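Q: Whole structure, please, built from the sequences with the hints as guidance.
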Amino acid sequence: ARTLRPTATHIGRMLDDLTLLAGPTLPAGMTLDIANHMPDQAVLLDSGLVQDGLLNLILNARDACGGTGRITLEVKPVHETWIECTLRDTGPGFSKSALAHGFEPFFTTKGAEGSGLGLPMVYDMVKSAGGDLRLSNVDDGALVTMRLPYRPAVSATTGLVLLVEDADDLRALVRDMLIGLGHSVIEAASADEAMALLADLPDIALILSDIQLMGEATGLDLAKRLPPDAPPLVLMTSLPVDDTQFLAAQAIAPVLRKPFDIKDLTALIAPSELAAQ
2 ARTLRPTATH IGRMLDDLTL LAGPTLPAGM TLDIANHMPD QAVLLDSGLV
52 QDGLLNLILN ARDACGGTGR ITLEVKPVHE TWIECTLRDT GPGFSKSALA
102 HGFEPFFTTK GAEGSGLGLP MVYDMVKSAG GDLRLSNVDD GALVTMRLPY
152 RPAVSATTGL VLLVEDADDL RALVRDMLIG LGHSVIEAAS ADEAMALLAD
202 LPDIALILSD IQLMGEATGL DLAKRLPPDA PPLVLMTSLP VDDTQFLAAQ
252 AIAPVLRKPF DIKDLTALIA PSELAAQ
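Taking this note's numbering, the leading residue of the sequence shown gets 2, the next gets one more, and so forth.
These are computed hints drawn from the structure, not numbers from a lab.
A couple of the hints might just be wrong.
[As the list claims (entries may be wrong)] Calculated lysine to aspartate or glutamate pairs in the EDC-like style (CA-CA distance at most 20 Å, straight line):
{"id": "1", "residue 1": "Lys-225", "residue 2": "Asp-244"}
{"id": "2", "residue 1": "Lys-225", "residue 2": "Asp-193"}
{"id": "3", "residue 1": "Lys-259", "residue 2": "Asp-243"}
{"id": "4", "residue 1": "Lys-97", "residue 2": "Asp-140"}
{"id": "5", "residue 1": "Lys-77", "residue 2": "Asp-53"}
{"id": "6", "residue 1": "Lys-225", "residue 2": "Asp-34"}
{"id": "7", "residue 1": "Lys-259", "residue 2": "Asp-177"}
{"id": "8", "residue 1": "Lys-128", "residue 2": "Asp-244"}
{"id": "9", "residue 1": "Lys-77", "residue 2": "Asp-34"}
[Stated by the list, open to error] DEER-style ranges, computed between Cβ atoms:
{"id": "10", "residue 1": "Asp-125", "residue 2": "Ala-218", "range": "47 to 57 Å"}
{"id": "11", "residue 1": "Ala-200", "residue 2": "Lys-97", "range": "47 to 57 Å"}
{"id": "12", "residue 1": "Thr-82", "residue 2": "Leu-202", "range": "22 to 32 Å"}
Computed from a predicted model, the values in this text were never measured in an experiment.
Using N, Cα and C, we set each Cβ at its ideal position, and we do this for glycine too.
A: If you want it as structure tokens, here you go:
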């Protein structure tokens, strides 16, 4: 599985692109309706992977419906905690075996025509992003519910960033990148230092923390200590993608893979600047 690369994403634009991708794959007797109820605010997610996942679900629904039918995708916020994507179709619904085993690799109801990798790949992507995927049946067909963490992107291109990194040289490098993007920076080398600064400085707009820090507490511990009204957190690491700490981090916050450059950082925290370049 490829590493998740969350960037500031406008859901409406992503769904417009999805419509352009999915439309030509549908037969003449099939309609695709997409309803977007998300606020016009950028969120942090891997738009490429999410778009691929939704396209996969649409193609599965198309195959289930046969030559005619209706596919409906609805995207909405749930308690500002989740982005919920529900996909309904007017096909025959999921079989009992599909409901029980649909996320297992190579399970397929398509015989020789299907690879069986569609739903399991979507499931793995959603789980690695800290979300959930469920299959069910409704009166007139199948229903797939995808939930992803609702993480608003940092809306301001400038502001005070709390940089938490115990390696002096790396901290200086990232600090220079942030200053180059117009941010003010305050630094900490440990989770304890970071929590003390957060308590003293209410103007912090973003926390950028390494996972492995000085002392016993990690960036994951810092994430768990943050109060509900804390500023957005982005974690960074050079850990392998299959490391347990890396996997745990992806379920908590966006993760920036080291080494990264100013363009990678810009895509995550200052997307309007990137678009203007």
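Q: Is the straight-line distance between the alpha-carbon of Lys-97 and that of Asp-140 20 Å or less?
A: At roughly 15 Å apart (the allowed maximum being 20 Å), Asp-140 and Lys-97 satisfy the hint.
Q: Take the C-beta atom of Asp-125 and the C-beta atom of Ala-218, compute their distance, and say whether it sits inside 47 to 57 Å.
A: The hint (47 to 57 Å, Cβ to Cβ) is violated, given that Asp-125 and Ala-218 are roughly 30 Å apart.
Q: When you check the alpha-carbon spacing of Lys-259 and Asp-243, does it fall within 20 Å?
A: The hint holds at about 15 Å.
Q: Does Asp-193 sit within 20 Å of Lys-225, going by the straight-line distance between their CA atoms?
A: Holds - the C-alpha atoms of Asp-193 and Lys-225 are around 12 Å apart, at most 20 Å.
Q: Straight-line Cα separation of Lys-225 and Asp-244 no greater than 20 Å?
A: holds, 19 Å
Q: Using the beta carbons of Thr-82 and Leu-202, state whether their distance is inside 22 to 32 Å or not.
A: The hint (22 to 32 Å, Cβ to Cβ) holds, given that Thr-82 and Leu-202 are roughly 26 Å apart.
Q: Check the hint pairing Lys-77 with Asp-53 against an upper bound of 20 Å on the C-alpha distance.
A: Distance ~18 Å between Lys-77 and Asp-53 Cα, so the pair holds.
Q: For the pair we were handed, Lys-128 and Asp-244, check the Cα-Cα distance against 20 Å.
A: holds, 15 Å
Q: For a C-alpha distance cap of 20 Å, please report whether Lys-225 and Asp-34 respect it.
A: violated, 39 Å
Q: Within a Cα-Cα threshold of 20 Å, do Lys-77 and Asp-34 meet the stated pairing?
A: Between Lys-77 and Asp-34 the Cα gap is close to 14 Å, so the pair holds against 20 Å.
Q: Take the C-beta atom of Ala-200 and the C-beta atom of Lys-97, compute their distance, and say whether it sits inside 47 to 57 Å.
A: Holds: the Cβ-Cβ distance is about 54 Å, inside 47 to 57 Å.
Q: Does Lys-259 pair with Asp-177 here, judged by a C-alpha cut-off of 20 Å?
A: holds, 16 Å
The structure is inconsistent with the numbered hints 6, 10, although it conforms to all the rest.
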